[in-house]
Amino acid sequence: GESVGLHLPTLSVQEGDNSIINCAYSNSASDYFIWYKQESGKGPQFIIDIRSNMDKRQGQRVTVLLNKTVKHLSLQIAATQPGDSAVYFCAENLGGYNKLIFGAGTRLAVHP
Amino acid sequence: NAGVMQNPRHLVRRRGQEARLRCSPMKGHSHVYWYRQLPEEGLKFMVYLQKENIIDESGMPKERFSAEFPKEGPSILRIQQVVRGDSAAYFCASSPTRGLDSGNTIYFGEGSWLTVV
Chain A
1 GESVGLHLPT LSVQEGDNSI INCAYSNSAS DYFIWYKQES GKGPQFIIDI RSNMDKRQGQ
61 RVTVLLNKTV KHLSLQIAAT QPGDSAVYFC AENLGGYNKL IFGAGTRLAV HP
Chain B
1 NAGVMQNPRH LVRRRGQEAR LRCSPMKGHS HVYWYRQLPE EGLKFMVYLQ KENIIDESGM
61 PKERFSAEFP KEGPSILRIQ QVVRGDSAAY FCASSPTRGL DSGNTIYFGE GSWLTVV
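Chains as they are written, first to last, in the numbering used here: chain A, 1 to 112; chain B, 1 to 117.
You may find that some hints are simply not true.
Said to hold, decoys possible - Ranges between beta-carbon positions, derived for each pair:
1. 62(B) with 14(A): 45 to 51 Å
2. 67(A) with 30(B): 17 to 23 Å
3. 83(B) with 56(A): 42 to 48 Å
4. 61(B) with 94(A): 18 to 24 Å
5. 14(A) with 41(B): 24 to 30 Å
Unchecked claim - Short, incomplete list of chain A residues facing chain B, as computed with Cβ under 7 Å:
6. 44
7. 89
8. 93
9. 98
10. 102
Note that these hints are calculated values from the structure, not bench results.
Note that beta-carbon positions come from the ideal geometry of N, C-alpha and C, so glycine has one too.
Generate the whole structure from the sequences, applying the supplied hints.
Okay, here's the thing in structure tokens:
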């Protein structure tokens with residue numbers, strides 16, 4: 001079964017606000033995590049990743065935080081834009097296996 | 001720099017027919033993965049292949065489904081005798097080497113949407 005789950009299925013934010021999407025994982029052996037963005041009718045698009053030996057990684061307008069103590073992953077999007085509206089998935093990879101386990105996804109809706 | 005290419009993007013099959021989905025990995029990538037996505041759900045791992053080898057097929061249904069990645073040509077996901085429950089989006093992904101890490105990660109194609117009528 002799935003070991004990655006998301007707290008909120010839908011997140012609505014105002015344009016310009018910051019967004020935080022959360023994810024819980026249950027496998028302590030996972031050593032690599034990825035956030036993907038999926039727009040309707042398209043494939044998952046890589047956003048940012050993080051290894052288990054890090055607790056924070058920043059990209060352009062996005063930050064991923066990893067808390068291994070509580071097995072929690074979050075994606076922060078700064079100054080959310082309408083183009084950020086999509087479903088966001090976190091995925092974990094068990095060490096030594098090239099197999100990503102996905103959560104169910106969070107839908108981000110950005111309102112003007 | 002072309003990404004992962006999948007075709008067809010949309011496919012309609014009648015129950016009992018066969019569906020063949022093709023995937024060309026990114027240039028320089030020799031590891032291919034197939035995932036299935038039902039509406040409003042996450043992606044489920046099906047199979048992981050390297051050239052001419054199936055590395056992990058733990059997510060593949062035992063019957064009717066098969067996958068290959070020949071020495072030459074694209075990877076093929078084949079579904080025989082399709083049923084309505086096979087209707088889903090099938091995503092192919094690729095990575096350059098074994099082991100995942102920043103700089104060596106998995107990129108997805110745009111998917112093939114199978115509808116069984």
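So, going through the hints one by one against the coordinates:
At about 49 Å, the CB distance of residue 62(B) to residue 14(A) agrees with the hint of 45 to 51 Å. Range check, residue 67(A) to residue 30(B): Cβ separation about 34 Å, and the 17 to 23 Å hint is violated. Judged by the Cβ atoms, the range 42 to 48 Å given for residue 83(B) and residue 56(A) holds: they are separated by roughly 46 Å. Under the hint 18 to 24 Å, the C-beta atoms of residue 61(B) and residue 94(A), about 22 Å apart, fit the expected range.
Look at residue 14(A) against residue 41(B): about 28 Å separates their beta carbons, and that is inside 24 to 30 Å. Interface restraint check: residue 44(A) against chain B, minimum CB-CB distance 5 Å, threshold 7 Å, status holds. The interface hint given for residue 89(A) is met, as the beta carbon of that residue sits about 6 Å from the closest beta carbon of chain B, less than 7 Å. Interface hint at residue 93(A): satisfied, since its Cβ lies 5 Å from the closest Cβ of chain B, which is below the 7 Å cut-off.
Interface hint at residue 98(A): satisfied, since its Cβ lies 6 Å from the closest Cβ of chain B, which is below the 7 Å cut-off. At its closest, the beta carbon of residue 102(A) sits 4 Å from a beta carbon of chain B; the interface hint therefore holds under the 7 Å criterion.
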